[in-house]
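Heads up: the protein sequence lines correspond to chains E and H, in order.
Under this note's numbering, the residue at position 313 of the first sequence is numbered 313, and the numbers go up by one with no gaps.
Under this note's numbering, the residue at position 229 of the second sequence is numbered 229, and the numbers go up by one with no gaps.
Calculated from the structure, these hints are not laboratory results.
There could be a bad hint or two in this list.
Unchecked claim - Sample of chain H residues at the chain E side, in silico, Cβ under 8 Å:
#, residue
1, W4
2, P6
3, F9
4, S155
5, G163
6, Q165
7, L166
8, N183
9, V184
10, G214
11, T215
12, A245
13, I252
14, A253
15, P383
16, Q403
All residues carry an ideal CB built from backbone N, CA and C; glycine is no exception.
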Amino acid sequence: MATMNMVRAINSALDVMLGRDPDVLIFGEDVGYFGGVFRVTDGLAERHGVARCFDAPISEGGIVATAIGMGAYGLRPVVEIQFADYILPAYDQLVSEAARLRYRSGGEFWAPITVRSPYGGGIFGGQTHSSSPEAIFAHVSGLKTVIPSNPYDAKGLLIAAIEDDDPVIFLEPKRIYNGPFDGRFDRPVSNWAQHPASEVPEGYYTVPLGKAAIARHGAAVTVLAYGTMVHVALSAVEESGIDAEVIDLRSIVPLDLDSILQSVRKTRRCVIVHEASRFAGFGAELSALVQERCFYHLEAPIERVAGWDTPYPHAFERDYFLGPDRVVVAMQRTLKG
Amino acid sequence: MSNWPPLRFHVPVPAVRPGDSPDFSHIVVPPAGSTRRPDVLAAEPDLRDMPYGLVRVLDDEGGAVGPWDPGLSPSELLRGLRAMMLTRAFDSRMFQSHRQGKSSFYMTSTGEEAVGAATSMVLGRDDMCFPTYRMVSYLMARDYPLLDLINQIFSNADDPLKGRQLPILYSARKYGFYSLSGNVGSRFGHAVGWAMASAYKGDHKIAISFIGEGTTAEGDFHEALTFASVYRAPVILCVTNNQWAISSFQGIAGGNETTFAARAIGYGLPGLRVDGNDFLAVHAATRWAADRARSNGGATLIEFFTYRVAGHSTSDDPTRYRPADEAAHWPLGDPVDRLKTHLIGLGDWSDAQHEELEAAVRQAVRAAAKSGEAVGTLGQSKPDTSEIFEDVYKEADWRIVEQRREMGC
Ligand SMILES: Cc1ncc(C[n+]2csc(CCOP(=O)(O)OP(=O)(O)O)c2C)c(N)n1
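Construct all of the structure, not just a fragment, from the sequences and the given hints.
This is the structure:
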């Protein structure tokens with residue numbers, strides 16, 4: 001066991017997999033010698049050689065297309081897209097190619113690729129360094145989308161993603177790379193060292209894709225969240241004293257529907273929290289699923305707390321980034337309902 | 001069984017890394033004045049040597065030699081020099097302001113000032129530049145108000161882009177400067193479309209567009225070249241090859257295999273390779289391409305060969321991936337020093353005047369920075385919060401209206 005922040009934990013997952021499986025290789029912009037702009041691949045090229053971890057041209061479409069070809073050959077490439085905002089130039093390759101390769105070839109070819117990318121706001125990144133694009137992947141059949149919220153899960157989920165035979169989008173909430181952030185800009189920044197999930201085994205282990213975690217047990221209302229929003233939700237619970245159950249989805253595809261339904265049937269109330277814009281966000285799907293399957297258990301309308309339906313505005317970071325207050329209001333509304 | 005050897009996987013690596021001695025021995029620098037200057041309407045097949053040459057005007061002594069000397073007047077040369085010096089002073093002050101927490105981000109263009117300044121002077125007010133983030137000298141050569149730039153960088157209440165955009169991703173329509181996106185390369189094709197529109201309308205405007213050598217790997221670059229070639233768009237497509245894309249050397253973008261100017265050949269476009277630290281060469285090559293475009297000769301691809309002296313941005317430390325003193329060994333010198341030496345050689349300038357100008361541009365920047373600070377720096381001042389919801393659409397729909405109400409603004 002060691003104490004790791006998210007960056008170290010993800011680095012450790014990559015290191016373990018490079019060591020275990022010669023078919024794993026890593027590439028992306030600046031990931032080689034420099035170790036990536038967030039230092040996630042630090043030391044990997046040095047330890048495993050430039051053929052295992054190398055710099056790619058600035059061409060997200062090219063990176064993903066090449067990874068698909070490698071995957072079809074039998075390798076397990078892990079590629080980094082420097083910021084999730086820049087996945088869009090590769091979107092066609094992910095949607096039209098990676099997602100459907102197995103289906104359209106009658107199972108003859110498939111793309112066991114992992115696309116890692118830092119995402120989300122809270123670092124004054126402006127509109128092109130703050131996006132939360134998970135919903136556009138969730139909408140595409142054939143892709144898996146994984147979003148960890150702490151170091152332990154990040155490492156275990158990433159290893160599971162690399163070993164998975166389907167294309168996996170692995171979104172890393174960059175705001176919590178170095179410490180959990182609850183949306184309170186006025187409080188001192190905490191770091192992972194004080195958090196139980198920073199205790200991470202050095203070697204191999206997995207956290208299965210498609211299994212949610214109960215971040216906090218409670219009886220009054222179910223809060224569904226992932227990524228940084230798990231910490232925002234926990235903080236809202238603590239500040240309001242509401243006995244909420246907070247579910248950390250960990251992956252949105254595959255989705256752990258059973259854990260969600262079980263919790264909502266128990267609490268009879270549901271609040272959904274995500275950073276991405278609200279309209280047609282992943283919360284809309286969660287809300288529809290809960291409504292379809294728990295209608296007769298619900299005692300209040302489902303609440304969604306989400307980003308505004310605008311691009312991410314630079315100077316307004318702190319107005320835009322969702323904090324615990326809005327979650328508290330939503331929980332209180334469901335309790336009145 | 002075949003007798004072929006096993007295939008080998010190739011990953012290019014730069015010649016030197018931190019701790020090694022800088023080595024630019026692979027760079028061939030032809031003497032100033034030695035690259036020919038073809039007629040601006042020469043047929044493309046007669047231009048295929050140009051992407052492998054290097055257009056240079058200023059020689060080592062600061063003299064202007066050869067067929068590309070644009071013959072600029074002393075006042076034009078001084079205007080260019082001032083724009084470059086102002087850019088450098090501005091970059092240095094704004095970098096420092098970032099370190100003091102007054103902005104969230106900054107990028108300098110140290111060493112590349114000639115590219116923006118000279119091209120800006122060739123293009124007219126009605127033309128449109130589709131810039132990269134290292135082109136602030138384009139605006140400096142057009143006397144764009146420093147305070148507006150600073151207010152954008154500080155994201156304060158007077159930010160002309162209303163707090164929505166990352167610092168340095170400017171937009172200045174009145175100055176012929178198209179809005180910058182954070183997605184590198186994404187505007188390269190817009191320039192072609194803009195130029196096609198001008199041709200369609202029978203106007204006289206042309207476009208110029210810039211992309212970093214690293215970003216030539218994006219599809220946007222190749223798509224733009226295809227459209228520019230097919231429709232003979234009146235556009236100048238420029239690659240600023242400053243050798244580095246964050247930590248990746250130019251070989252990662254294919255620069256070890258051929259020149260970036262030579263990318264033009266496969267598209268049937270003329271390609272020029274130009275000393276980007278030579279103000280006169282940049283000016284002359286841009287003039288050549290502009291004249292070609294204006295006379296319906298179509299697009300030109302220009303590679304400006306230069307060097308990124310400083311880090312990529314305020315977020316990186318270049319000594320982690322290249323020798324700390326590499327910049328000092330760049331064989332094509334410094335654009336400001338070279339133009340200054342040239343002007344002094346002409347008898348139109350002196351060290352004393354240069355010092356005076358340097359003090360003046362620094363004072364202009366200092367005064368503007370103070371004014372910007374008086375309005376407020378990052379986090380201390382910002383535009384009205386309702387700006388979050390403006391301009392998403394021309395007219396707000398119910399979502400925006402509801403959410404704005406929820407925010408209480
Ligand atoms: C589509 C996209 N991918 C990646 C990035 C991240 N990024 C920003 S600048 C940069 C390097 C660009 O290098 P180059 O084109 O050589 O221009 P330079 O910075 O050297 O002027 C990268 C990878 C981005 N902004 N947009």
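Verification of the supplied hints:
1. W4: 18 Å, violated
2. P6: 13 Å, violated
3. F9: 5 Å, holds
4. S155: Where the cut-off is 8 Å and the nearest Cβ of chain E is about 4 Å from S155 of chain H, the hint holds.
5. G163: Constraint on G163 of chain H satisfied, holds at 3 Å.
6. Q165: Constraint on Q165 of chain H satisfied, holds at 6 Å.
7. L166: 3 Å, holds
8. N183: 6 Å, holds
9. V184: 6 Å, holds
10. G214: 5 Å, holds
11. T215: 5 Å, holds
12. A245: Check passed: Cβ of A245 of chain H comes within 6 Å of chain E, closer than 8 Å.
13. I252: 5 Å, holds
14. A253: Interface hint status for A253 of chain H: holds (5 Å vs cutoff 8 Å).
15. P383: 6 Å, holds
16. Q403: 5 Å, holds
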